[in-house]
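K.L.:
Given these sequences and hints, build the entire structure.
In this text, residue positions in the sequence shown follow full-length UniProt numbering: the first is 1, and each later residue adds one.
One thing to keep in mind: the hints can contain errors.
Listed next, the in silico BS3-like pairs over lysine-lysine satisfying Cα-Cα at most 30 Å (straight line) [said to hold, decoys possible]:
1. Lys-121 <-> Lys-46
2. Lys-68 <-> Lys-121
3. Lys-68 <-> Lys-156
4. Lys-222 <-> Lys-68
5. Lys-222 <-> Lys-286
6. Lys-104 <-> Lys-121
7. Lys-156 <-> Lys-121
8. Lys-104 <-> Lys-46
9. Lys-46 <-> Lys-68
Label pairs and their in silico Cβ distance ranges [unchecked claim]:
10. Arg-79 <-> Asp-208: 41 to 47 Å
11. Gln-269 <-> Leu-106: 36 to 42 Å
12. Val-86 <-> Pro-124: 30 to 36 Å
13. Lys-46 <-> Pro-258: 40 to 46 Å
14. Gly-234 <-> Val-41: 43 to 49 Å
Quick caveat, the hints were computed from the structure, so don't treat them as lab data. Just so you know, even glycine gets a beta-carbon here, dropped at the ideal spot from N, CA and C.
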Amino acid sequence: MTRTAGRTPKAEKSVTETGTSATKADSDTKKADPRESSLFVGSTEKTFQILHAFDGPHRQMPLSEIAKAANLDRSAAQRLVYTLEVLGYLRRVHGTRNYALTPKLLQFSYNYLRANELIEKAFPYLLDISRSVGETTNLQELDGAEIVFVARFPGKHLVNIEFMVGSRLPAYYTASGTAILSRLSEEEREDILARTDLRPLTPFTVCDPDRLRARVREAGEKGYALLVNETVMGDISVGAAITDEHGRAVAGLSISVPATRWTPEQVEQELARHVQVAAASISVHKFGGYSR
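P.N.:
Here is the structure:
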């Protein structure tokens, strides 16, 4: 007589508890701070803190200010600054005790731009828009809670010369960022909103979370976002999202025009279609699909 194997209640309980423990362990692992890992190198993080000390308005600083901006003690900052100077990423400003960044850092930017296939695919579309409408076109990618300019073609009437490749702005405060957000999940949008510094950049910057959420929803319905005077006075921007084959945003394309020459109504009527068509074309060209 064949005997059918089975689990006793005690065994089933044991399996259940084991499964629960494993699930909890996995959950705890996901929540763990990556910096607590034995693989994380703290000295490397401190090196980048030194470089990020120059993110602010100061183009050159003495050691004491670098240490303060990097949130490091003077001794650690001195060793790291010296190392970066020897390696060629920092230089001593002649005749002063100040340090400044060197062009050697641009090698990282160059390598990124050269390897970015999206920029390569978007290049002809950005150039075509810039030439046909005579206005500035931009390609931006989402990085954390900010968008980063990764390509920019100045038009005949450049609004703000401070924005160049590498410039960063809060995603919720920009047309392309708003368009990108409209193609992300609600959970992702809320996470980015929670990490956004909701301080105004101009008197017209929308900082109210509910209004920002509503603006993202509207962009999702229209297929583009239109913002006026949000990041710099005198700027009107319209942007659309570039999406992958699943309809998920991977970047944003925008046109920036001066308010002295355009009205929001004109931009919506004449330029919105340009960013939509270009974004759709880039999406199809690179990913083989586009989701409106």
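K.L.:
Hint by hint, note whether the structure agrees.
P.N.:
Going through the hints against the structure:
Proximity of Lys-121 to Lys-46 is assessed by CA-CA distance (about 36 Å); at most 30 Å being required, the pair is judged violated. Pair hint Lys-68 plus Lys-121 does not hold up; C-alpha atoms about 42 Å apart against a cutoff of 30 Å. A C-alpha spacing of about 41 Å is found between Lys-68 and Lys-156, which places the hinted pair above 30 Å, so the restraint is violated. The hinted pair formed by Lys-222 and Lys-68 fails the criterion: a straight-line CA distance of about 46 Å is larger than 30 Å.
Using a Cα cut-off of 30 Å, the hinted pair Lys-222 and Lys-286 holds, with the two alpha carbons roughly 23 Å apart. Proximity of Lys-104 to Lys-121 is assessed by CA-CA distance (about 27 Å); at most 30 Å being required, the pair is judged to hold. A threshold of 30 Å between alpha carbons decides the hint, and for Lys-156 with Lys-121 the separation of about 23 Å falls inside it, so the pair holds. At most 30 Å may separate the alpha-carbon atoms for a hinted pair to count; Lys-104 and Lys-46 meet this at roughly 19 Å.
Simply put, Lys-46 and Lys-68 have alpha-carbon atoms about 12 Å apart, close enough for the 30 Å limit, and the pair holds. Here the CB-CB span from Arg-79 to Asp-208 is close to 45 Å, well matched to the stated 41 to 47 Å. Checked against the hint of 36 to 42 Å, the C-beta distance between Gln-269 and Leu-106 comes to roughly 40 Å, which is consistent with it. One distance hint, 30 to 36 Å for the beta-carbon pair Val-86 and Pro-124, is violated here, with the actual separation near 42 Å.
The supplied range of 40 to 46 Å is met by Lys-46 and Pro-258, whose beta-carbon atoms lie about 43 Å from each other. The hinted window of 43 to 49 Å between Gly-234 and Val-41 holds, with their beta carbons roughly 45 Å apart.
Violated hints for the displayed structure, listed by number in ascending order: 1, 2, 3, 4, 12.
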